[in-house]
Amino acid sequence: MDIHRCRFVPYQPAAINAIAFSHNKARSARHNALTRMAIGRSNGDIEIWNPANGSWHQETIIRGGKDRSIDGLVWVNEPDQDLGDGRFILGKSRLFSIGYTSTITEWDLVTGKPRRHASGQHGDIWCMATQRLGDATAKPIANGAGQELNMQNKLVCGTIDGELVMYSTEDDDLQFQRVVVRSPTKKAQMVSITFQSRKVAIVGCSDSTVRAYDIVKGHMLRRMTLGSDLVGGSKEIIVWSVQCLPNGNIVSGDSTGQLCIWDGKTYTQMQRIQSHKQDILSLAVSADGSTILSGGMDRRTILYKQNSGAGQRWGKVWGRRYHSHDVKAMTTYESGRISVVVSGGPDANMAIVPLKEMTREYHRIISNLPQQPPITSAQKARFIVSWWEREVHIWVLRKPAAELVKPAEGHFDLNQNRKLLKTIVIKGDFNISSATINPEGTLLVISTATDVKAFRLEHQDPVKPSDVNITTVDVPQRLSRLGASKVQLSPDSSWLCLVQDGLRVLVANIDRSDDEESFFIPEKKIRKVFRLGRHTPRHIQNGGLGKYDHSITHIAFSPDSKMLATADMAGYVDTWVLRSQNDKKDGTEEAELSSEGDSSESEEESVAGDAESWVRNPNGKLLPKLPSAATVLSFSEDVPESQGDDYTLLGMTSSWNMHVFHPLQGSLTPWSRRHPRKALPAPVLDLIDLPKGVFWQGSRVWIYGISFLVMFDLSQDLPQPTPGAGQAGLKRKRTGKNTGAGGKMALGNLAPQRVTKHLGNKEVDVDMDDVHQPGDESNSDDDMGGTGGEELTQQRSGGHASSAGTDLAEKTTTATQRNAWWMTLKYRPILGVVPLDEGEIALVERPIWDMEMPERYFAGEEWER
Amino acid sequence: MAGTKGQKSSADKPKKRKREINDADSKAKRHRRDVKANGAASSQEREKASNAPDNEASGTLVAANGDEMASRPLGDLANKAASETSWRISKPMGGRMLDIDPILTDDEQYLILAYNTSIQVYTATDSLLVRRIPITTLDSSASQGSKPAIITAMRLSKRSSEMVWVACSDGRIYYINWTRSKQSLWSFQTKSGTAKAMVVLPIGGPKKAQEAVLVAESDKSVRLDVMAYLRAKGQKPQAKNLLSLKKHGNALQLLESTNDGRFLVGALNDRIFVGVLPSESVENLDSLQHEFYSFDAPDLITSLDLKMGTHMPAKTPNGKKAGTIIDVVAGGARGGIYVYQDIVARLLALGKSKSDKELIQAQKFHWHRKAVHSVKWSRDGNYMISGGSENVMVTWQMDTGKREYLPHLSGSVENIVVSANGSSYVVHLDDNSAMILSTSEMKPTAYVSGIQSATVSVSPPKDLLVKRVWTAPEHVRRPIPAAVRPTEPSRLHVCVGNGRQATMTGDFSAPLLQSFDLETFTSITKQPLARTQPTDVNITSKGVPIDEPLITHVAFSADGKWLASVDNWKPSERDVVSVTNDVRDQFLRERHEIHLKFWEMGTGDQPAALVSRVNAPHATTHPEAVLDLAAGPASSCFATIGGDGMVRVWRPRLRKINGIVSKGADGQELHTWGCSQAIPVGDGMGEKAVVELGSAQPQGAVAFSEDGSTIFAAYGGIDTGVVYVIDASSGEVVKTLEGLWSGQLHSLESLSPFLVVLSDELRVYDVVGDELRYGITIPEIPGVSELMQLAVDRQSRHFAVALPVKEVSSIGVFDPEEPEPLLVRSVPHRVVSLVASPETSCFVALDDCAQIWIITEESEPSALAPAQPLEDLRLDGPTTVAAGTGMAALMGEDAEMGSDDEGEPAAAVDADDDDDDVDMDDTYASVVVPQQLADIFDAAPAFAGPSVEDMFYKVTSLLSAKPLVSASE
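In the order they appear, the protein sequences are chains E and F.
Per UniProt numbering, residue 1 is the first one in the first sequence, and the count goes up by one each step.
Per UniProt numbering, residue 1 is the first one in the second sequence, and the count goes up by one each step.
Chain E with its partners taken away, still in its complex shape (with noise of 0.2 Å):
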């Protein structure tokens, strides 16, 4: 196979403004399991990730638009309802947002729209926090305000002008309510914003003061002031950020790089620790109060920790450099084994650092490239068509990778062969979330949030942009009006298949009827396709994420666009046939009309003069459940030809499951059957990061993930591992459990992984291992949670792509048999593989030292290493 590996198709990543959990520390499996992040960035996107179990797991993305950014984001729980017999409907959560407006955002994470705004008469909101949750089973408020306050969450704000206003969430509404505190003057921004207890805010202002407010009474209780800056600095210290610790006292970080401890009960200074050398931007609290984190512009985070001794002070433990820009928000989170912290600033990566477990244990990067690439082929015209924000870039690769290699023509100019033929920026304010191409490269299909748009390329072996002719095809209203999460095109180019509002899938016929030339689409021929019925109990549908599970996230078109299937959240893979009016009769027609949208009836339309329709797969039934969401679903270039023939589907999921069906007869294929996680080789268990997509090359499987490229021959056994082969010195130890960021430091680790014990000439190990609270029952994890660290495979990796020989596979006998699998990590961060051509493939990375990135501030004494 020829690769070609690319680093030039642009894709900017946004800064990380907001991170969120929905429950920072999950009280039980439930809430474990409904746990999401939210991630803010610059460019107005909304990511949410699902931590589970230490796969992260990039779930959706919500698109932002221009000049839109989320600048903080804030999740609601209402609070769990008792239905009796052991059945609760846990609390919704609903995700809120603001963007250094006035406006608060409420996002439907289904649709991945606004569901709602609101705002007042107050000046822009900096920083924004929920009430504490009133303990659920109650014991009255003293103040007999009473139990609808105990239960109810308001959204607290503060403003530049230095305003203290409440939003009221109640009855799934969201409404400007009051303004609790107007500051005598404009001076005092509030910056950052945190709840003591259910009626005390502690709010970190810009003029040196951390203020504590009474939001029942609506006064200020105190002022915390930190006195004047250092020498040279500013007049006044910037409160960045404020945390609470469990036992009510205040942790807050300003501009001068201190971190301060602030007495709960008196509301006085404890301690002044100076950490950092540059402003600290945002901390994080464990949910025992032992540990504090702290963020900086000096890129560091500082870890730190109370002494057990005299005065229970705190002090700094470590600190190390995780981003290569600021460090802007980070959050933490705990379940059961699980205890990291996530924090993200302008560099746009993701670190999981580990909370209980750091200095012990490696952190972990993930990349900001999106988990669905968004990279996409024509491969019959060599086109690689990318997407970032607002833009579409059409590139050609016009000679194959075997002429580039082949000496003939003296020295060819690699540059040569790239091409950037149109970039495409489209109308409106919405960023794009998905596009799709023929394989022709004349039909391209763009879909933002409000709008899907259609354009025609006319080109004859393109050289140079102005051998691109675009010109716009309608849309039908119909397909259009609500936008799309996603757009397939069907290989022969007659079909194109949509997602709306999330759940709805659409399929349209594409009428080529002129002369093969032009495209159109006939609003009639618009069908809505029915997913099969599945039951969810009610309370279950009510609370938590509502229906979020059943957003369609993937869509697949077999190669002879004969059949689609479509993969969900939780796991569902739907799959429907094409057939043609006279065969129609013996698919099962249950047309039972319902209202839209609810997936959980089936129906379908049927229209006549239809020649072909989609029915559902027969046999779709009987496909099994995918154990998690999907992160990959493709079909192989397999077409049935004769009766028992079938295609061949591949779901990979978020828990590194790699299911093979045949989906005409519903089953796993033998392969699929034969292997399940448990027999894939050791390291490709070993990877943490998971399968962005995949490409085939007969019956090869080639999966890529964001630094890895596996290849898996599915007309193959694998071979069996065999226990202590002489593979040590490649194969990575598993080190044990995680605590969800990268495994156990092998070489620097600040506190010691063993303890020996001596009796005597005697050596005892001490176990450390149960040192950890028993996690939550929930949490028997199912072998998932990557071990290994970012810095042990990037050693590995290292090593290897310099030798020659970069696979780990293990060798079979001979040498003419072919390696029924074979896995590179040479090539990273990889934005997406594309197929370009019969066994040549475009490998886009983007490596980090790509990326803009906004200047940083250099403070003195400070220089890049």
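What the hints contain is simulated information worked out from the structure, not anything from laboratory work.
We put the CB at the ideal spot given by N, CA and C, even for glycine.
A few of these clues could be false.
[To be verified] So the derived label-pair ranges between C-beta atoms look like this:
#1 F:Ala420 with E:Glu763: 32 to 42 Å
#2 E:Glu855 with F:Asn615: 41 to 51 Å
#3 E:Ile540 with F:Gly381: 47 to 57 Å
We have chain E; now place chain F onto it with these hints.
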């Protein structure tokens, strides 16, 4: 300093003899010299005449030995037992402070420092040496080749504050009463015959108080045994093995304990172990059963300390009952400091139930860029104090994370000790000095410094435990320039570097001149002679050390007023790699910086002032090396010989501006130095001689005859050189002498009428008789040529030769007329500097452990002065020690001295206590040099002298900083 200034201004006064007894002898000598000085023109004849009897006396012997003796190796002579008694070599003095925590006694009166082979006790109030207790010191009578064991640990006894435990590398543990100097040492040897670290642990109740000594011992670097020894009356000590530990690596073995000995912490390479004694008190050795835990630290451990605290009774987490908190701090070889909070409780919890386990909490602090040499807790536990090779002492405030620095110390910080009440720190710097700093103001209250000359490292530097781009040299490869000022015969001026940092280039640099008083054994001043940045980190951004200029020669003029020095610097090869090959050599040659500097010596402790600097005193197309420097014996003049084949004579001139003599601030006339004569040697060809010699390094040496009328200059290549006899007044080459040296020329000295030439042979040539008296072949030992040295004592008319034999040195004293040495002794270290003390007939040898050996003639009482044993200084008088803080005792001693009308010059008088608080603002208490006393008491015969009252005030003014304001007290 202020107090002594006036009294020391007598440098130009005629030198007073110290003792009446000497007078006869020295007068004779003076007379002889006077005779010589009288007739400069016909000096040679007169010399011949004056020396004739001597010649006759030994003439036959010389004639008999003549050439036959020439091939006789010196080694044979060394084997011959030196039965003669006329010359003797003193016990070594001084030495190098070791990387062992100094002991400051609990009353903060005495400071005990560990040297290579001895421990020395100083008073903490006035920095004076009280006592030197040799432990393993070998003197010159020891069998050749035996190396003394090195002290590895020193601890104050927990039971008796008068006793110290000292452990040596050969495994001997000594129990010493440091308040007495003469005693029988009680000692025993450890099982393995090694000792790396030691702590003392009190056991037994109050009735039966005993002490166990815990020794970390091992014969391999990967292994460590902690053994406990309990002293048993009259028999071998009981021993018990407490812990055996193995850990791969090649670093340090450390052991520390709390005061009560319940908690131990130690380290082997990068493994830390903690020992806990379960019971509060231990009655005997059997019940001494620590519970040990060990774990890996992130780095090689170079320093350790622990502190004990208690839980706040109110806030005991997890309902634990209040217990002891042990916080351990460990310094790493890569600069990190690791603090393990509450380590014992956490370890014990790990070892026991599974319930309330807490992770071991480690904190990392990083400021030092290289190894942390020492880190200590402050007494209150709120601070850490650390030091390393940055010459900075860092104080870490634990609560706020802030650091405070005490920068620009004169050397790497080696050890820090916090005094018992926390009011002062003892800081040991690696320039062989230690000081006591007050905690509050960070001002020194006491300062102790030995000779800071280059020494070999006893153990590899802590900075080199991890790989560095530099290495520490194993040997001193070059003689260290040193000189004694004729007017101050007790002061040795020696070129020193900036502690260990100076050795990082792989060579010893020595850009500073230390003036060291041999009688009081204190360092007086240290001043730079070449450009240097002694307190900065002299490394490039890549970690490569930056070369400093090298002082190659120093000499005092005969009147002691002037000092001449030659320094030498050339760019490092590393810095010219970018230059193309063909010009690189030229580049290096042209940028070679050679300076000849003339300094006017200040009075008293004033630093010398630079008067003239001559850039490239010898130059052809590029600066040429100055091969030798000699001071004229009569007038203020110096002679140099350079690689260009020129002998230059330098003399001072009055500095004039427009014909008017410039005056200094005090009205004195200013001088400037210039070349008064340039005499080409080397067949008179000057530059051409160099060309003829080709690439071979030119060799040269220059010497004045005793009367200054003649200059002897040796010049040439290997084996080819000639000695030119130059008439000093006319500058003409009177005569050339050939075949006086073979191989490499080391030194040329004149001892009228003889010329002593040290090359691969030692030759004594009679200039007047024009005959070779004798020649002795130096045995061919590898490395012997590096440090071969010659010194001539014109008082006793003897000369001494030092030559290194592997790790030791031989010193031989010769009479120029006798081929048989008068004395041959072996010194257990390599002698790096050998100088003759003018005015007194003795030689001072400095070895590579910074020890001073003094070779004197026994029949020469005047020469004994610098060689006084320290006890004779009467500083360890029983009053001083017994009374401890007693000011009265000190005053009593002062009174005793004051009344000593005999003017015992050997007794140095310490500064009196009254002025301490004034003196503290200066560097250290003033020191009265015996000469100053002699100046007062010997000014005139007793019948003609001033009144007793006057003399009393003079003496007291010496002792007080301010002119007798305190007299009313």
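*Confirm or reject the claim that glutamate 855 of chain E and asparagine 615 of chain F have a C-beta distance inside 41 to 51 Å.*
Since glutamate 855 of chain E and asparagine 615 of chain F have Cβ atoms about 49 Å apart, the given range 41 to 51 Å holds.
*Return holds or violated for the Cβ distance of alanine 420 of chain F and glutamate 763 of chain E against the range 32 to 42 Å.*
Given about 37 Å between the Cβ atoms, the range holds.
*Given a hinted range of 47 to 57 Å, is it respected by the beta-carbon distance of isoleucine 540 of chain E and glycine 381 of chain F?*
holds, 56 Å
The earlier numbered hints are all upheld by this structure, with none contradicted.
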